[in-house]
Amino acid sequence: DGGITQSPKYLFRKEGQNVTLSCEQNLNHDAMYWYRQDPGQGLRLIYYSQIVNDFQKGDIAEGYSVSREKKESFPLTVTSAQKNPTAFYLCASTLSAMGPAEAFFGQGTRLTVV
Amino acid sequence: AQKITQTQPGMFVQEKEAVTLDCTYDTSDQSYGLFWYKQPSSGEMIFLIYQGSYDEQNATEGRYSLNFQKARKSANLVISASQLGDSAMYFCAMRGGSGTSYGKLTFGQGTILTVHP
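One line per chain: the protein sequences are A and B, in this order. Under our numbering, think of the first position of the first sequence as 1, with each following residue one higher. Under our numbering, think of the first position of the second sequence as 1, with each following residue one higher.
Think of the hints as simulated: they come from the structure by calculation, not from any bench. Just to be clear, a hint being listed does not mean it is correct.
To be verified - Listed below are the simulated BS3-like cross-link pairs for lysine-lysine, each with C-alpha atoms no more than 27 angstroms apart in a straight line: (1) A:K71 with A:K9; (2) A:K57 with B:K73; (3) A:K57 with A:K71; (4) A:K83 with B:K3; (5) B:K3 with A:K57; (6) A:K9 with A:K57; (7) B:K70 with B:K3; (8) A:K57 with A:K70; (9) B:K73 with B:K3.
Here the structure is a predicted model, which is why all the values come from computation and not from measurement.
Can you make the complete structure from the sequences, with help from the hints?
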């Protein structure tokens with residue numbers, strides 16, 4: 001079955017540590033996205049990528065980094081510079097970066113800083 | 001810069017009645033796409049409907065329709081004959097079609113819909 005897989009589902013991190021969230025898709029989609037969602041809030045765009053080896057900052061990129069070395073993979077690193085990283089993180093992909101291509105989402109990773 | 005605004009934090013509707021969820025947007029792009037998603041309490045994101053900026057007719061998908069008013073920059077979602085299973089968070093989203101916003105998919109703050117029996 002095609003889809004987007006995020007791992008792990010739950011992640012605990014100590015303050016001052018970097019942590020990497022995984023996002024893999026086997027849909028052959030060109031574009032991939034990372035969002036942060038706080039309780040009862042909307043989705044805020046962290047980074048997005050329309051093609052391999054290229055990505056753009058979203059609205060809240062500070063304290064985060066990404067890479068897009070393979071079409072199917074778009075890992076997100078939450079660095080120690082992110083002041084309040086506890087949140088629900090969603091990865092999404094679309095067939096293309098334009099037109100009616102809807103976004104497919106992973107199940108999310110819930111990150112907690114302890 | 002592109003921006004999506006949903007001004008209704010919460011909405012209540014009686015089962016079997018229709019409800020409209022508001023969405024306004026701001027963009028300087030001529031070409032863009034508008035989407036609505038549903039997020040149940042389980043957290044998954046479910047695509048509902050799409051409207052392209054050049055589409056002349058309002059999009060419809062089953063009980064969902066999008067009331068697109070381009071001059072007013074609004075893209076309201078209308079759910080007809082509400083069902084208990086429609087209770088969820090609803091998000092409006094926009095993807096830019098040109099310039100620095102090309103491919104950028106931005107979401108609004110969401111509206112929590114509660115359907116009463």
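Hints and how they fare:
1. A:K71 with A:K9: Judged against 27 angstroms, a Cα distance of about 22 angstroms means the pair holds.
2. A:K57 with B:K73: 25 angstroms, holds
3. A:K57 with A:K71: 18 angstroms, holds
4. A:K83 with B:K3: 24 angstroms, holds
5. B:K3 with A:K57: 15 angstroms, holds
6. A:K9 with A:K57: Answer holds: A:K9 to A:K57 is near 24 angstroms, not above 27 angstroms.
7. B:K70 with B:K3: 15 angstroms, holds
8. A:K57 with A:K70: With Cα atoms ~18 angstroms apart, A:K57 and A:K70 stay inside 27 angstroms; holds.
9. B:K73 with B:K3: 11 angstroms, holds
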